[in-house]
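Novice: From the two separate chains plus the hints, produce the assembled complex.
Note that the protein sequences, when read in sequence, are chains A and B. Per our numbering, residue 1 is the first one in the first sequence, and the count goes up by one each step. Per our numbering, residue 1001 is the first one in the second sequence, and the count goes up by one each step.
If you are wondering where the hints come from, they were derived from the structure by calculation, not from laboratory data. One or more hints might be untrue.
[As the list claims (entries may be wrong)] Beta-carbon label-pair distances, calculated as ranges:
| id | chain 1 | residue 1 | chain 2 | residue 2 | range |
| --- | --- | --- | --- | --- | --- |
| 1 | A | D78 | B | V1084 | 21 to 31 Å |
| 2 | A | Q55 | B | S1153 | 23 to 33 Å |
| 3 | B | A1022 | A | Q55 | 17 to 27 Å |
| 4 | A | C51 | B | A1022 | 16 to 26 Å |
| 5 | B | K1297 | A | R67 | 30 to 40 Å |
| 6 | B | S1250 | A | T41 | 49 to 59 Å |
| 7 | A | T43 | B | N1301 | 34 to 44 Å |
| 8 | A | E82 | B | I1232 | 35 to 45 Å |
| 9 | B | I1344 | A | N37 | 49 to 59 Å |
| 10 | B | I1038 | A | Q59 | 36 to 46 Å |
| 11 | A | M1 | B | L1273 | 34 to 44 Å |
| 12 | A | H54 | B | A1022 | 13 to 23 Å |
Owing to the predicted nature of the structure, the values given are computational and were not obtained by experimental measurement. For each residue, glycine too, the CB sits at the ideal point set by N, CA and C.
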Amino acid sequence: MYSKDDILKAVSTVIDPEVGFNLVEMGLIYDAICNENMEVTVTMTLSTKACPLHQMIVQWVEEAVLRELPKVRLTKVDLVWEPVWNISMATEEVKARLAG
Amino acid sequence: MIIIFGAMAQLVPVVLEVGHFAVDLYYTIYPLLFIGAILMAMGFVYYPSLLPFGGTIAFVSFSIFLFETFLTILKVKKINFVIVSVLLANIFLFFGLIIGIILALGYSGTIDINIYQFLKAHIYLVLVGYVGITIMGMSLILLPMFWLSHGFSWKYIKSSLSILSVGILFVVLSSFSNITFFEYLGYFFTLIALFLYFYQVFIIYKTRVRLENDIYFKSIMFSFLSLLLSLILGIIYIFYPIENIFLTLSWILLGGFITFIITGHLYKIIPFLVWYERFSPYVGKKKIPMLVDIVPKKSANMQFVFSSIGVIFVSLGILNINETIYKSGLSFLSIGAIFLLKDILYMIRFKEDV
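Isolated chain B (complex conformation) (with noise of 0.2 Å):
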């Protein structure tokens, strides 16, 4: 959440082409938010009577940057659909908040409620509506934007959007109400909205003029392949509902879409941001080096074959519940993740003379 929040730190203002509200809110953002998640890591494994308190503080940040977003949205003169997206994501996080809370004072044992029926409303607003529609939004500025995508039409994002929302409504009414056919139609809804914004990604990718097979572009293809194989594994486990595919399932979507989304994103948003500080001030008056030069190509390439044999070495291994498999995947993972840092390092450290 703490990388999300950063990379909003730095798109909505793009996105909503407005400056924040106050963006020296994040300040306060980060710390709370990092202690709120030992609190409460700690709490499930350790001390439950932490995880209100864990809870709250957590609580407190997210509502700061809550809090922050709808003031910066304010601002902004004209809606479009991105920035409706923007503020649909933000409106999910804040009732997944409100159950998460809920949900930290009945697992300590303040108050007595069904922990598994809001936990599903609180995942699906918080990681579906929530980091689901960010995602969905944020790469519909930057999918064009890296690949230089023209003239492709919205509708089907468009329709994507709407049917997700309802899919959430669903899903969190089958919460509340146990009408579970309101839950099944709520999946119903995501995974027709999942495929949805699937074409629309290959209709932008089908659109391109940057042909490049760079690092970004490897971690999207990456990315997008992880989406399809979850939603094709979604669809399997409805009909066959074994815990395996189920597991598996989650963690292509966590390992291979999110993760390969966010590390894909890094290596474009690190160099731009190094770069704006650090060169180009430099613009027209001296030879500089391009965002592309910012990049170790070698490492990264090394860091995508390491993590992404990891994902799928995992995910097999989960499939068929073995447990070599499974830990020589994370082997592969943790290699890719050293070989990721040293990168992000090489990236924020990286200097020339001008």
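Chain A with its partners taken away, still in its complex shape (with noise of 0.2 Å):
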């Protein structure tokens, strides 16, 4: 099985292209679990409902998780809006970054 960290270090590889960060970086993961299946659970949100890249920023995280976690044999990706998406929950690099 694998460990959040791990597959935390997975979705990483995936970044907003508006902001320029991946989305652990974010804090747009909220939680990452990997069953005895080896089955993976991603809750995650967006920035925004809105967000264009909605359904593809989807498919990156599971297309991620099957490349960089080769045992996985099945990625699963529960989009969520609560809790809301807030400043408060990215990297303080990311917070530096976004106040220009």
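Specialist: Structural data, given as structure tokens:
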């Protein structure tokens, strides 16, 4: 089984092209679990509901997990809107960059 | 209008969260609108008999756009405030078009109508009803998205949209009833609505977490300052109805507000489309450029500086009836337009080995 950190490392290869940071740094990944059947579930959100890359980002996350963690058999992404994302969830580096 | 339609082709699915009913219809909308606009321009300048033909072709183009949009809206399962704004804008466009075709027939002498009255209703329905509400609705999606604003109330924009709709109805009603009171009531409601919209934008600005002063931010700020200035001039015009003031506020609204809100978004939307098409397949697999890398920053800033100075000078030229200032403003605008064209070509052609 992979740990949450392993999964987050895999997901961190996916970037938000608008801000240039990966989804983990942005604080968009709420949870990541791998069960004994090597099925991974990623719970995540987006910085806005109207994100035009909505479906693409979900697909990228699924692909990233499968690509980076070879033993994973299946990836499922739960896209949630609660709690609503806010900047406090991002890393200090992201906050500093966005602050100009 | 073509650029607005192009933007809507991209934004409608984002806003409505459903795919287009038939996006390929846009391939017929653009050429028809282009031909219609050319014929109408020739009709206004040289041959009035061309107006009904140009008007009919433009009408068909707009109708296809409306048909596609309404059918796309029908796919929506859950109606929200932004969807209501899209629906309202398109209803106003529909009636604006009907009046537009009547106007074209009137101009060409086919039917006998009071052109001024119909023109007022037509302009108000299309420019305020469609373009205005579309900009309002879309900006509520785009501003929080690009500024990363969260946790703000929408109550001001909701009130603004309701009041604006009533204002538009009053102005249209005054066109057909000859009751001047309705017209002024309509303008009054419009002003109130715009101030509420402006306040809503200010709230979004205050709650933003993205503080970079990039070309998008500068353009949007200039755009909203222009809107505020034209509103103030509008109030002055109510008390001092001098033609120069009206022309100046109209110019600032068009050249400052609408133009800058469009150009600002071009610097966001074009890089996104290019990135999506050329680089998104390599996400996670290779190092790829970000959206910000696709924007030519220095040139974009030059475009902003020349265009904004141009808008200011042209405004002063119109207000003071000074041809020299007016023409110098046009020169600045022309250089700004060259930079804009150069930037658009740069972004469209952006390639980087990945």
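Novice: Work down the list of hints and note, for each, if the structure agrees.
Specialist: Right, here's what the structure says about each hint:
no.	hint	in the structure
1	A/D78 / B/V1084: 21 to 31 Å	holds (29 Å)
2	A/Q55 / B/S1153: 23 to 33 Å	holds (29 Å)
3	B/A1022 / A/Q55: 17 to 27 Å	holds (20 Å)
4	A/C51 / B/A1022: 16 to 26 Å	holds (24 Å)
5	B/K1297 / A/R67: 30 to 40 Å	holds (33 Å)
6	B/S1250 / A/T41: 49 to 59 Å	holds (57 Å)
7	A/T43 / B/N1301: 34 to 44 Å	holds (41 Å)
8	A/E82 / B/I1232: 35 to 45 Å	holds (42 Å)
9	B/I1344 / A/N37: 49 to 59 Å	holds (51 Å)
10	B/I1038 / A/Q59: 36 to 46 Å	holds (43 Å)
11	A/M1 / B/L1273: 34 to 44 Å	holds (41 Å)
12	A/H54 / B/A1022: 13 to 23 Å	holds (21 Å)
Hint compliance for this structure: every hint is met.
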